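Protein chains: 4
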Amino acid sequence: MDFSSPKKGFPKKRCGVLGCTGSVGQRFSLLLAEHPHFELVAVGASERSSGKTYKEATTWKTSGSMPENIGELTVTLCDPQHFKHCDVVFSGLDSSVAGEVEDRFLKENIPVFSNAKNHRQDPSVPLVVPTVNISHLDYIKVQRESNGLDKGFLVCNSNCAVIGIVIPLAAIQASCGAIDGLSVVTNQAVSGAGFPGPSMMEMMDNWIPYISGEEDKMQPESRKILGQYDVEGKALVDRTDLKVSATCNRVAVTDGHGACVSVRFADRSKVPSAEQVKQAMKDYVSEVQKMECPSAPEKAIAVMEEADRPQPKLDRDAGRGYTITVGRVREDPSGFCDIIFTALSHNTVIGASGSSILNAEAAVLKGYL
Amino acid sequence: MDFSSPKKGFPKKRCGVLGCTGSVGQRFSLLLAEHPHFELVAVGASERSSGKTYKEATTWKTSGSMPENIGELTVTLCDPQHFKHCDVVFSGLDSSVAGEVEDRFLKENIPVFSNAKNHRQDPSVPLVVPTVNISHLDYIKVQRESNGLDKGFLVCNSNCAVIGIVIPLAAIQASCGAIDGLSVVTNQAVSGAGFPGPSMMEMMDNWIPYISGEEDKMQPESRKILGQYDVEGKALVDRTDLKVSATCNRVAVTDGHGACVSVRFADRSKVPSAEQVKQAMKDYVSEVQKMECPSAPEKAIAVMEEADRPQPKLDRDAGRGYTITVGRVREDPSGFCDIIFTALSHNTVIGASGSSILNAEAAVLKGYL
Amino acid sequence: MDFSSPKKGFPKKRCGVLGCTGSVGQRFSLLLAEHPHFELVAVGASERSSGKTYKEATTWKTSGSMPENIGELTVTLCDPQHFKHCDVVFSGLDSSVAGEVEDRFLKENIPVFSNAKNHRQDPSVPLVVPTVNISHLDYIKVQRESNGLDKGFLVCNSNCAVIGIVIPLAAIQASCGAIDGLSVVTNQAVSGAGFPGPSMMEMMDNWIPYISGEEDKMQPESRKILGQYDVEGKALVDRTDLKVSATCNRVAVTDGHGACVSVRFADRSKVPSAEQVKQAMKDYVSEVQKMECPSAPEKAIAVMEEADRPQPKLDRDAGRGYTITVGRVREDPSGFCDIIFTALSHNTVIGASGSSILNAEAAVLKGYL
Amino acid sequence: MDFSSPKKGFPKKRCGVLGCTGSVGQRFSLLLAEHPHFELVAVGASERSSGKTYKEATTWKTSGSMPENIGELTVTLCDPQHFKHCDVVFSGLDSSVAGEVEDRFLKENIPVFSNAKNHRQDPSVPLVVPTVNISHLDYIKVQRESNGLDKGFLVCNSNCAVIGIVIPLAAIQASCGAIDGLSVVTNQAVSGAGFPGPSMMEMMDNWIPYISGEEDKMQPESRKILGQYDVEGKALVDRTDLKVSATCNRVAVTDGHGACVSVRFADRSKVPSAEQVKQAMKDYVSEVQKMECPSAPEKAIAVMEEADRPQPKLDRDAGRGYTITVGRVREDPSGFCDIIFTALSHNTVIGASGSSILNAEAAVLKGYL
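As given, the protein sequences belong to chains A, B, C and D, one line each in that order.
Start counting the first sequence at 17; every next residue gets the next number (the working numbering).
Start counting the second sequence at 17; every next residue gets the next number (the working numbering).
Start counting the third sequence at 17; every next residue gets the next number (the working numbering).
Start counting the fourth sequence at 17; every next residue gets the next number (the working numbering).
Be a bit skeptical, because a hint or two may be false.
What the hints assert, rightly or not - Calculated cross-link-like contacts (lysine to aspartate or glutamate; reagent style EDC-like; alpha-carbon spacing at most 20 Å): (1) B:K233 x A:D324; (2) A:K71 x C:D324; (3) B:K28 x B:E55; (4) B:K259 x A:D348; (5) D:K77 x B:D333; (6) D:K259 x C:D348.
Derived from the structure by calculation, the hints contain no laboratory data.
Quick caveat, the model's predicted, so the values are computed rather than measured.
Let the hints inform the model, and build the full structure from the sequences given.
Put into structure tokens, the structure is as follows:
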């Protein structure tokens with residue numbers, strides 16, 4: 017599978033990956049190894065791996081086998097000094113260390129795109145879903161100014177489960193008016209838990225009605241992503257009126273997070289029909305698509321008409337994992353909510369590493385990199 | 017596993033099963049074969065099976081192997097004349113034929129408890145979940161009167177997915193006030209689809225965001241079960257103010273339906289706390305428990321405090337499949353709804369055949385059988 | 017995934033598929049839709065589908081969705097008159113009808129490559145595994161002669177489970193001497209059973225120690241494929257000294273058949289070491305590779321050194337499904353057999369339709385098509 | 017499920033469990049908690065658990081929840097001083113510590129039944145499968161003599177995968193003559209790997225063709241179990257002529273190990289028919305059955321006639337996990353071997369803890385305890 021298409025005139029960039037041996041780090045490395053313009057030149061991990069070749073240090077779990085062109089890189093510690101030659105660094109670090117390490121990279125003027133949760137709620141760090149709020153990248157100017165930097169910055173991508181809410185909401189709100197409340201129940205894949213993840217004994221003939229810490233991220237991350245960058249006030253302003261009521265389940269699926277979403281519109285006098293909502297999602301074209309970022313999918317959202325779609329096995333790879341599929345769009349016959357739909361996203365591509373790659377491509381095209 | 021305990025003075029009853037070769041019929045037969053007071057004496061199926069022994073006619077899928085004491089019964093057609101010696105008949109018929117067959121049995125003055133959907137919405141047929149609305153059995157008097165019967169009647173049990181809503185709601189409303197709206201997302205087991213059910217190729221590493229016809233049953237069945245039998249007006253009165261917004265998923269689990277439920281209380285000035293809701297469910301004792309029906313579970317609802325329960329594999333067999341387990345009871349921090357919880361029920365016991373068995377036991381103790 | 021590479025000078029051929037709506041037929045159509053030189057121009061099925069477009073007639077299960085370029089073909093009956101404009105026809109017919117239909121096509125002088133079992137044991141029909149005995153295609157001359165044909169012929173591909181034996185044996189025997197006995201236990205994927213295949217309820221947390229009819233095919237098909245085409249005697253001569261002792265299991269895997277094989281060499285004085293056997297498989301280059309058939313894999317056999325490989329999920333797609341992977345090659349420490357190994361093959365590519373496609377490519381290059 | 021029936025006159029015995037928090041230790045505790053004559057009075061584990069109650073120290077994974085009557089026991093270190101009040105101790109210790117700890121218990125004159133592999137090959141320790149070689153318990157006299165003990169001893173149970181070979185072989189050899197070679201391919205459950213065992217991501221849609229160390233145990237353990245206790249020579253004599261050629265696979269099943277076995281008889285002039293072999297297994301009654309041990313199953317082997325049995329899900333619980341099921345008994349049509357069959361055993365009952373419990377019951381009845 018090709019993850020991205022080359023774009024004429026797009027400059028070459030040297031990239032590093034922090035936390036390269038973990039599941040998110042491996043996905044970063046795979047996407048970079050196959051990228052037409054980004055080149056993986058530095059990989060960092062903990063002391064246990066430092067000094068080994070990437071191949072020796074890693075139990076590769078992400079696909080058939082580790083791409084040959086990156087296996088011979090030498091793993092270093094996650095210290096800025098080893099990443100000075102990088103134009104940009106991607107952080108797949110565990111949250112136990114990510115906060116402190118990323119701060120040091122920022123101080124050392126090195127641009128970082130992070131998948132870790134540590135800085136997502138930090139008001140001085142943009143939280144960017146590429147097919148939703150790429151405009152928040154412009155906040156980089158404010159961030160640089162206040163940190164006295166000319167090159168470095170720190171941008172986060174969102175939690176994998178938030179994707180199923182914010183992308184459809186961005187599309188719907190663009191033409192149907194504001195949504196101010198929703199109830200979401202997710203069915204999330206085991207790969208979201210990293211390696212090795214839940215055991216066979218636990219998941220076989222079963223699902224788990226809980227994912228530690230997950231539900232708490234849904235409302236604040238959604239509010240921030242769907243918020244605005246106030247240029248005048250030089251601040252990121254959250255959508256504080258948005259209520260997100262969440263229940264997160266783990267199911268026996270390898271990849272692909274599903275979200276069953278019921279929404280309510282703010283303006284009770286102008287509730288759209290299911291057809292209008294579907295049309296809004298079909299019409300939606302995000303900025304990364306308009307900019308023709310190399311990894312941008314043809315469609316940010318693919319709307320399915322079949323009654324029994326989307327399904328993880330059949331639909332997670334839509335748009336090479338960058339497209340989310342939405343189906344079962346319908347009016348709520350009970351009137352308890354307005355519109356109900358089911359969304360499916362590839363949790364390790366658009367829901368994690370892929371988001372940061374696409375964010376970085378946009379940063380290049382916007383001149384921040 | 018013993019499915020019920022003998023009760024002193026409980027009379028012996030001769031029972032028949034309609035649709036005996038299907039998955040619901042097999043479960044009826046298994047529960048009756050192991051019942052201390054009910055005896056299976058007649059089994060009916062379609063022309064293909066008629067004349068064969070039950071053992072010959074059936075590909076047994078319900079447990080290790082068909083109980084020996086019932087294998088030698090001769091299968092007949094589902095004609096009332098072959099069931100005249102039965103005190104009661106249980107219908108596991110497919111909905112393509114159930115409506116018409118059950119009408120004939122009613123006309124022939126034979127009591128029928130049915131799992132089929134055909135008459136559930138019929139205002140002249142009680143729809144009874146044993147641990148919720150056993151009082152609706154008293155409507156049998158009206159039904160007999162209007163049909164000129166002295167012995168026969170027709171009572172339905174509910175859809176398997178409705179159970180996860182109505183049992184908790186009955187308990188909560190009993191002490192916390194009326195609920196008038198809810199959003200529910202179910203994760204339902206493949207056994208709910210009967211034999212053979214979804215294929216391995218379809219379900220492996222997957223789940224299906226749709227079950228044909230299922231969502232449409234949720235609101236009307238809930239409204240009827242949670243309604244009242246108006247003795248004066250001789251009518252079953254639905255809870256028409258209750259809004260049930262439903263999304264039904266099929267997951268890779270053999271038995272056990274889960275329901276993620278978010279509820280809103282009618283009286284906005286008296287919304288209970290999560291602790292009060294939990295206590296309401298812990299305190300709940302249904303009528304079949306008070307009557308000490310042989311198959312009544314010790315608890316109608318088992319409330320779990322562990323963060324990651326209930327789980328289908330661990331909890332579906334609670335109370336021999338007659339208890340539903342409820343966990344994750346919490347206040348909705350977003351304020352979109354009031355209380356959120358996850359319920360799990362055994363879809364082929366309390367969610368189907370077991371419900372009708374328990375209904376029949378109550379009917380015996382109430383003198384209708 | 018690209019299934020084959022274009023080859024300069026390879027002529028265009030118009031192709032038909034018989035049994036186009038079934039699982040084997042769908043795979044034939046998919047491989048042809050993506051083929052650089054073969055063009056799908058005719059599709060046949062039973063009366064139920066005849067007259068509809070291919071898209072209307074088919075519940076597509078083989079990949080995301082049916083390739084667009086073939087969906088508009090009109091399905092006809094499997095009658096030779098509708099396939100006169102085809103250069104070659106691929107039969108994915110069910111064995112209940114394949115024998116008779118294929119005979120009619122042969123009589124009508126239309127070349128047929130069949131996946132059905134009906135003619136596999138017929139001494140006048142070559143049974144060809146492309147990476148093993150492509151030389152048997154030369155028997156087409158004899159077949160044509162005795163049927164008075166100038167264009168038509170009938171060639172079968174083997175059963176999907178036989179592949180795990182004959183490809184390694186061909187390679188080993190090529191440099192280590194004859195094997196005259198073996199014991200094989202297979203773990204076969206559910207896709208081998210066609211649509212819909214075993215149910216979730218049956219396969220979950222389970223495997224089935226039996227596949228109807230499968231074990232009986234193992235010895236005769238192996239003997240025929242590993243036999244010789246005796247040019248002088250104008251006959252296909254089986255390896256009648258080869259003993260194949262087989263046990264076939266069905267496991268909860270979507271695609272990929274495994275075979276645990278223990279072999280004994282005929283010459284007890286010259287039993288090779290595990291290293292020699294591995295080398296033999298590494299060195300093996302089949303005729304279709306030498307001929308550079310468009311779909312020929314780079315390696316007929318990929319030998320794995322990791323202790324826990326091959327695994328269906330990780331290795332079935334090796335060589336786009338045309339390469340078989342072999343691992344755990346070791347000397348039998350007990351001395352009961354000589355060499356033990358585990359082989360894995362993609363049952364719907366090299367184990368079925370893909371084999372016939374590759375056979376057809378070789379037939380083109382050898383001038384029979 | 018009741019695991020054993022009370023036996024009149026059977027004395028009460030106080031029992032301890034070493035390694036009580038692990039998967040084998042949990043199963044020991046469960047079987048003892050439900051045992052009519054054995055009482056669990058002491059539980060030992062590592063420093064991490066020592067001092068806590070058993071309930072606090074343990075993540076219970078073996079069934080719904082830990083039996084209440086044992087949860088309040090205080091966990092001690094695995095030091096003999098804490099087990100002086102035990103009549104017998106069961107060792108579910110990990111092999112990294114079992115060898116040394118069990119030696120100390122032996123020295124301290126405390127009887128030990130062990131599931132660990134450490135002493136299985138020790139010629140001074142009986143290796144006993146209760147339904148096969150209970151007579152080897154008499155070697156306890158020799159062991160005590162040479163260690164100067166009057167009460168203590170050490171007896172091991174076998175590896176879980178060996179069960180599928182030795183029980184059928186004991187039965188067949190009892191009436192059909194000696195078997196001197198066999199090829200076995202196993203499909204083993206994930207619970208055999210302890211907690212947490214293989215991950216979902218690894219096992220989903222997959223199986224693993226290797227279990228570390230497993231194949232090496234098959235021949236030596238089989239030879240010892242099927243050997244004789246030579247009373248005169250005071251030695252356990254192995255069946256050194258028996259060749260066991262083994263391949264061990266891990267499959268996506270929670271409990272239940274399968275073995276596909278092909279055997280060859282020593283006397284080539286007297287090879288039995290499949291019917292004779294089946295009859296031998298049907299007729300087989302082991303000593304623990306004759307002695308009426310409380311946990312002895314009604315049948316040591318259940319022979320199945322259905323073509324597609326035994327299956328893990330349907331048959332692992334036969335005889336409460338103490339019966340093994342054997343099916344597909346047939347003559348090898350190829351002549352490569354003589355008789356082929358498939359055996360299934362519950363790996364955590366008869367294949368582990370249950371074996372030691374049954375051995376202990378026999379030791380009581382034989383006067384060693």
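Hint consistency between K259 (chain B) and D348 (chain A) [alpha-carbon to alpha-carbon, up to 20 Å]: holds (10 Å)
20 Å Cα cutoff - pair K28 (chain B), E55 (chain B): Holds: K28 (chain B) and E55 (chain B) sit about 7 Å apart, inside 20 Å.
Agreement of K259 (chain D) and D348 (chain C) with the hint, judged by alpha carbon distance not exceeding 20 Å: This hinted pair holds, its Cα atoms lying about 10 Å apart.
Satisfaction of hint between D324 (chain A) and K233 (chain B), Cα-Cα up to 20 Å: holds (18 Å)
Restraint check for K71 (chain A) with D324 (chain C), where alpha carbons must lie at most 20 Å apart: Distance ~18 Å between K71 (chain A) and D324 (chain C) Cα, so the pair holds.
Holds or violated: K77 (chain D) to D333 (chain B), with C-alpha atoms at most 20 Å apart: Holds. K77 (chain D) to D333 (chain B) sits at ~16 Å (cutoff 20 Å).
The structure is consistent with each of the numbered hints, conforming to all of them.
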